[in-house]
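So the chains spell out like this:
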Amino acid sequence: MRAQFVLSEIGVGLRRNLTMTFAVIVSVALSLALFGGSLLMSDQVSTMKGYWYDKVNVSIFLCNKSDAENDANCAKGAVTADQKKQILADLDKMPVVQKVTYESQDEAYKHYKQQFGDSPLASSLTPDQMQESYRIKLKNPEQYKVIASAFNGRDGVQSVQDQKGILDNLFGLLNLMNNAALGVMALMLVVALLLIVNTVRVSAFSRRRETGIMRLVGASGFYIQAPFIMEAAVAGLIGGGLACVFLVVGRYFTIDHGMALSAKLTLINFVGWDAVLTKLPLILAASVLMPALAAFFALRKYLKV
Amino acid sequence: MIRFDSVSKVYPKQTRPALRDVSLEVEKGEFVFLVGSSGSGKSTFLRLVLREERCSHGQVHVLGKDLARLSNWKVPQMRRQLGTVFQDFRLLPNKTVAENVAFAQEVIGKSRGEIRKSVPQVLDLVGLGGKEGRMPGELSGGEQQRVAIARAFVNRPKLLIADEPTGNLDPQTSVGIMKLLDRINRTGTTVIMATHDQNIVDQMRKRVIELEKGRLVRDQARGVYGYQH
Chain R
1 MRAQFVLSEI GVGLRRNLTM TFAVIVSVAL SLALFGGSLL MSDQVSTMKG YWYDKVNVSI
61 FLCNKSDAEN DANCAKGAVT ADQKKQILAD LDKMPVVQKV TYESQDEAYK HYKQQFGDSP
121 LASSLTPDQM QESYRIKLKN PEQYKVIASA FNGRDGVQSV QDQKGILDNL FGLLNLMNNA
181 ALGVMALMLV VALLLIVNTV RVSAFSRRRE TGIMRLVGAS GFYIQAPFIM EAAVAGLIGG
241 GLACVFLVVG RYFTIDHGMA LSAKLTLINF VGWDAVLTKL PLILAASVLM PALAAFFALR
301 KYLKV
Chain V
1 MIRFDSVSKV YPKQTRPALR DVSLEVEKGE FVFLVGSSGS GKSTFLRLVL REERCSHGQV
61 HVLGKDLARL SNWKVPQMRR QLGTVFQDFR LLPNKTVAEN VAFAQEVIGK SRGEIRKSVP
121 QVLDLVGLGG KEGRMPGELS GGEQQRVAIA RAFVNRPKLL IADEPTGNLD PQTSVGIMKL
181 LDRINRTGTT VIMATHDQNI VDQMRKRVIE LEKGRLVRDQ ARGVYGYQH
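As they're listed, the protein sequences go chains R and V. Residue numbering for the first sequence follows full-length UniProt numbering, starting at 1 and increasing by one per position. Residue numbering for the second sequence follows full-length UniProt numbering, starting at 1 and increasing by one per position.
There could be a bad hint or two in this list.
With a straight-line Cα cutoff of 20 Å, these simulated SDA-like cross-link-like pairs (lysine to any residue) come out [what the hints assert, rightly or not]: (1) Lys-110(V) with Lys-137(R); (2) Lys-304(R) with Gln-172(V); (3) Lys-93(R) with Trp-73(V); (4) Lys-95(V) with Arg-16(R); (5) Lys-110(V) with Ser-42(R); (6) Lys-304(R) with Arg-47(V); (7) Lys-304(R) with Val-197(R); (8) Lys-95(V) with Gly-11(R); (9) Lys-304(R) with Asn-72(V); (10) Lys-95(V) with Ala-3(R); (11) Lys-74(V) with Lys-55(R); (12) Lys-304(R) with Leu-50(V); (13) Lys-55(R) with Lys-139(R); (14) Lys-304(R) with Arg-54(V); (15) Lys-304(R) with Lys-110(V); (16) Lys-76(R) with Trp-73(V); (17) Lys-74(V) with Gln-225(R); (18) Lys-304(R) with Leu-92(V); (19) Lys-110(V) with Arg-300(R); (20) Lys-301(R) with Lys-110(V); (21) Lys-74(V) with Tyr-51(R); (22) Lys-145(R) with Ala-226(R); (23) Lys-74(V) with Ser-8(R); (24) Lys-95(V) with Val-12(R); (25) Lys-301(R) with Asn-72(V); (26) Lys-137(R) with Ser-206(R); (27) Lys-95(V) with Glu-9(R); (28) Lys-301(R) with Ile-108(V); (29) Lys-95(V) with Ser-206(R); (30) Lys-110(V) with Trp-73(V).
By construction, these hints were calculated from the structure, which means they are not laboratory data. Keep in mind it's a predicted model, so treat the numbers as computed, not measured.
Can you build the whole structure from these sequences, using the hints too?
See the structure below:
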């Protein structure tokens, strides 16, 4: 097969269906940009999970004197030294626990001062108003419930608090957004594929004279189909390239510059450029393969070989 | 070259067969006219030879191959040994004469050197030397048909199939086309030509095969157009 002949056929075909080609390019670009965006989003969520779950603890807050008066859980009075010893011994026996640290009232007061030192509430606090607590690091942060069921309601325990629960709400929201993006992507992809099928149909129809002659003189099926498939692949590749540009530019303007989220939200560590770059080959491959396959199947229907 | 063994063809959704129990043989180097009124089965016959269709019953052998057992991907190879010419020429309007002829070689992967050599040769053969750069629209009907014949012949097929090649041409031009086909036949190429043109058949005195309502009703060496009993 002569490459130049095939290339010129592709060029002619793409130009003949310029509006269709444009529609294919745009829809492929948008759907794959969304695809890449949502891949990055889930990367972002999992790096954030890794980062934050590593730092979160399950805390067992123990009753202090004022709790004993105000809190129903602490009706039997402030925690005693025996109770504390028992709790610590039980925690040590639990296999899910990785590490336990004790925070005394003084330490709690100090940490509070560090965090909220300037607030008027902080200045009115005294150490004995703070709660003693055990900060428990779990081997697997998902296993919070084991601790909760073992210690909730026990004498001297005011509450068991899982910091992960707070984060999970945030991650849930991010996942929801991610799924919405995936849904839009799926729709755009269907649109793109339908457009490709239609483009191939139109282009097979407008070239039926050529393909008929090719068939008569004994061109192979592949030779007849190749220009159509390559056309779809080339249009797809241009769309995929645009999607890559969208992703790179998008990251640049939301995170690094422009909106500059990385400077404003220092608590979140954003996915790096490497995560973005590893998505690009995937997007390019998808942008070539999917249109080519769509064209191939469309040709089986609309082009006699 | 071509052998039909009790071949029938029924198109889907049609009760009347387009061909009924046709048996015949065409030898290498023959010139055969295929005659019969519209709907007699001439086109079906040619479509079976080209394997555009498969027969419903019987066996079709072309160039020694049983077409029923020829797998789809081998069909192009088979068609490269056939040349086809049609009433409506089927030229590409946006390509020059030379490009139209070269197209038949490009799509089967001939090298540029071969194409550059064989295209002027075959255009000379059909009497279009010097008109390589013209567009089909600038040519007369007879000249366009010569381009089509050049394209059909450029790959040196063993069998040339012509479906009413003179159907759109005036009698004088038709004679020229027939002379050309006769010349191609003399190079050893088998020619099968479906036609309604009585004058041509009567003048050429070649083998005549007549179909009527799908049946073979006459197979006559050195025959004429009408019935001769």
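Here's how the hints hold up against the structure:
1. Lys-110(V) with Lys-137(R): violated (74 Å)
2. Lys-304(R) with Gln-172(V): violated (37 Å)
3. Lys-93(R) with Trp-73(V): violated (72 Å)
4. Lys-95(V) with Arg-16(R): It holds: about 16 Å lies between the C-alpha atoms, which stays within 20 Å.
5. Lys-110(V) with Ser-42(R): Violated, at about 52 Å.
6. Lys-304(R) with Arg-47(V): With a Cα-Cα distance of about 14 Å, the restraint between Lys-304(R) and Arg-47(V) holds, given a limit of 20 Å.
7. Lys-304(R) with Val-197(R): holds (15 Å)
8. Lys-95(V) with Gly-11(R): Distance of about 16 Å is within 20 Å: holds.
9. Lys-304(R) with Asn-72(V): holds (12 Å)
10. Lys-95(V) with Ala-3(R): holds (19 Å)
11. Lys-74(V) with Lys-55(R): violated (67 Å)
12. Lys-304(R) with Leu-50(V): Distance ~14 Å between Lys-304(R) and Leu-50(V) Cα, so the pair holds.
13. Lys-55(R) with Lys-139(R): holds (12 Å)
14. Lys-304(R) with Arg-54(V): holds (15 Å)
15. Lys-304(R) with Lys-110(V): violated (23 Å)
16. Lys-76(R) with Trp-73(V): Cα-Cα ~88 Å, so violated.
17. Lys-74(V) with Gln-225(R): The given pair, whose Cα atoms are some 16 Å apart, holds under the 20 Å limit.
18. Lys-304(R) with Leu-92(V): holds (18 Å)
19. Lys-110(V) with Arg-300(R): violated (26 Å)
20. Lys-301(R) with Lys-110(V): violated (29 Å)
21. Lys-74(V) with Tyr-51(R): violated (61 Å)
22. Lys-145(R) with Ala-226(R): With a Cα-Cα distance of about 59 Å, the restraint between Lys-145(R) and Ala-226(R) is violated, given a limit of 20 Å.
23. Lys-74(V) with Ser-8(R): violated (27 Å)
24. Lys-95(V) with Val-12(R): Distance of about 13 Å is within 20 Å: holds.
25. Lys-301(R) with Asn-72(V): holds (16 Å)
26. Lys-137(R) with Ser-206(R): violated (69 Å)
27. Lys-95(V) with Glu-9(R): Holds, at roughly 13 Å.
28. Lys-301(R) with Ile-108(V): violated (23 Å)
29. Lys-95(V) with Ser-206(R): The hint holds at about 16 Å.
30. Lys-110(V) with Trp-73(V): Distance of about 19 Å is within 20 Å: holds.
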